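> The listed protein sequences derive, respectively, from chains A and B. Mapped onto the numbering used here, the consecutive letters of the first sequence carry residue numbers 737 to 998. Mapped onto the numbering used here, the consecutive letters of the second sequence carry residue numbers 1499 to 1747.
Think of the hints as simulated: they come from the structure by calculation, not from any bench.
Below are the SDA-like pairs computed for lysine to any residue, each with C-alpha atoms no more than 20 angstroms apart in a straight line:
no. : chain 1 : residue 1 : chain 2 : residue 2
1   : A       : LYS989    : B       : PRO1580
2   : B       : LYS1579   : A       : GLN991
3   : B       : LYS1586   : A       : ARG743
4   : B       : LYS1623   : A       : ASP746
5   : B       : LYS1727   : B       : ARG1745
6   : A       : LYS907    : B       : GLU1526
7   : B       : LYS1623   : A       : PHE748
8   : A       : LYS835    : A       : HIS997
9   : B       : LYS1525   : A       : VAL916
10  : A       : LYS989    : B       : LEU1524
11  : A       : LYS755    : A       : PRO840
12  : B       : LYS1586   : A       : ASP746
13  : A       : LYS755    : B       : LYS1623
14  : A       : LYS989    : B       : PHE1514
Covered stretches of chain B, going by a simulated chain A footprint (3 or more residues, C-beta under 8 angstroms):
no. : segment
15  : 1524-1537
16  : 1573-1582
17  : 1602-1608
A partial selection of chain B residues facing chain A, derived with a Cβ cut-off under 10 angstroms:
no. : residue
18  : PHE1514
19  : LYS1623
20  : TYR1624
This one's a predicted model, so the numbers in the text were calculated from it and none came from an experiment. Ideal Cβ placement from N, Cα and C applies to all residues, glycine included.
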Amino acid sequence: MYIWFARLKDFFHYKDLLKQLVMRDIKLKYRRSVLGYLWSILDPLLTMIVTTIVFSSMFKRNIDNFPVYLFCGQLLFNFFRASTSQAMNSINANSSLIKKAYVPKYIFTFSKIISTLIDLLFTMIALLIVMIATGAKFSMYNLLFPIVIFQLVIFCLGVGLFLAQANVFFKDVQYIYNAVMMAWMYLTPIFYPIEALPKIVRDIIVHFNPLYYYIKQFRDIFYIGTFPEIKYIFMGSIMSIIMLFLGIAIFLKKQEQFILHI
Amino acid sequence: MSEKVVIEIENLTIRFNLANQKVDNLKEYIIRLIKKELMFQEFLAIKNLNFQVKEGESWGIIGANGSGKSTLLKVISGILKPYKGKVKVKGSIAPLIELGAGFDANLTARENIYLNGCVLGHTEKYMREHFDEIVQFAGIEEFLDSPIKNYSSGMKARLSFAVATMVQPEILIVDEILSVGDYAFRKKCENRMNEMLSKGVTLLYVSHSLEEIQRLCTHTLWLNKGELKMIGKSKEVCNAYLTEMKRLI
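If we strip away everything but chain A, and leave its shape as in the complex, we get:
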């Protein structure tokens, strides 16, 4: 118990470092790019337009307002992929800081998740644009999106902490990660309706793909405009807490060996 209290105190002691690290990421990302912050909005918009052109004719009958349907899934999946891949490299990329002084190491992983979250909030503006452009209906339920984002961020933090420590010891984790991400993307109903899958695959995804829990809730909020299904809020929260717990446990167990490998 005492050790957790000490850790919490440690975290507050270094909260300004967290802020500096997040600011560094944001600054470096947008410095010297002509379009600046607009990139966070334009980039997903362009991808969405291309994907819409390719896939909308394929699933035209099943999905009305394909752009919003697609965008909801794409937004969350891209956040998942970007935040975890950034988090995976967080320890290696900051090795020079870690070698210099004692710092709680999870701060680096945490800062990557936060800076990607800030990007996500910019991207939400793009979602707004798509909704206006396609004449989608707005509703009060749209304002509930932080519920989903919060679960997803916790989930990503757990996955990120796990990947960050694994990548310190095994550099090929990155390649495995890329392959897994590819499979995961196709196994998540982002650009196709879940009904298009055979029953067995559908059942597996509905029950065992955590990203589906989050995307489903997000679509309930923005695409359908209703309160997200309680079952998925429940499953999503449980999953994110489990993942966070696992991530923290492994990270704390391994962190003292980082210095020998970076």
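Once you've looked at the hints, dock chain B against the given chain A.
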């Protein structure tokens, strides 16, 4: 001089695994696991070291390359954890361990000063208050807004030193990084360290310059292949070290 012990080292042993460091991917790890070739080649960087540092003392640490000097400083700073034994440190530490480490090459000097200060555990507000002092001491006013990657190693060392010493640590740890600075800057640093010593800061100083050690440090620790060779007053230890070195040549 006060009798309070600020650094206490008891039976310290630091172990590195030489063999395992080479396996850095999962594929090789699994192959070796199956073949049962996961060897553990032990290397003790520091063996059974005991010593105490009292508040306000200045210690020089000498020894040939690879004798564990930097490792010792890293353990005291909390960067490395001891394999066996205990390290007790009381008070805030400013470690000046690897030159240029802790700077992000793409950020400007201004941004790096804040980042670096926060890495040392200070708040942003604290850094803002001491910002001008740091810039002035490092003498980099003109280059404040250019990225650190355009800085020379001497300039980086100045900035590192300025950030670490401006923030009044209780223990200052310096690992021969000042050797890249020019003469005037080294003198400036020496004065700064002397000033800090007179205010009661504890200093640990690694250097290959015995002259500097004798000027700055009251006590000296001589490490040889991870073991304590000699400990005592700087003059005696430095003389013994010099005699030994001459004998080896």
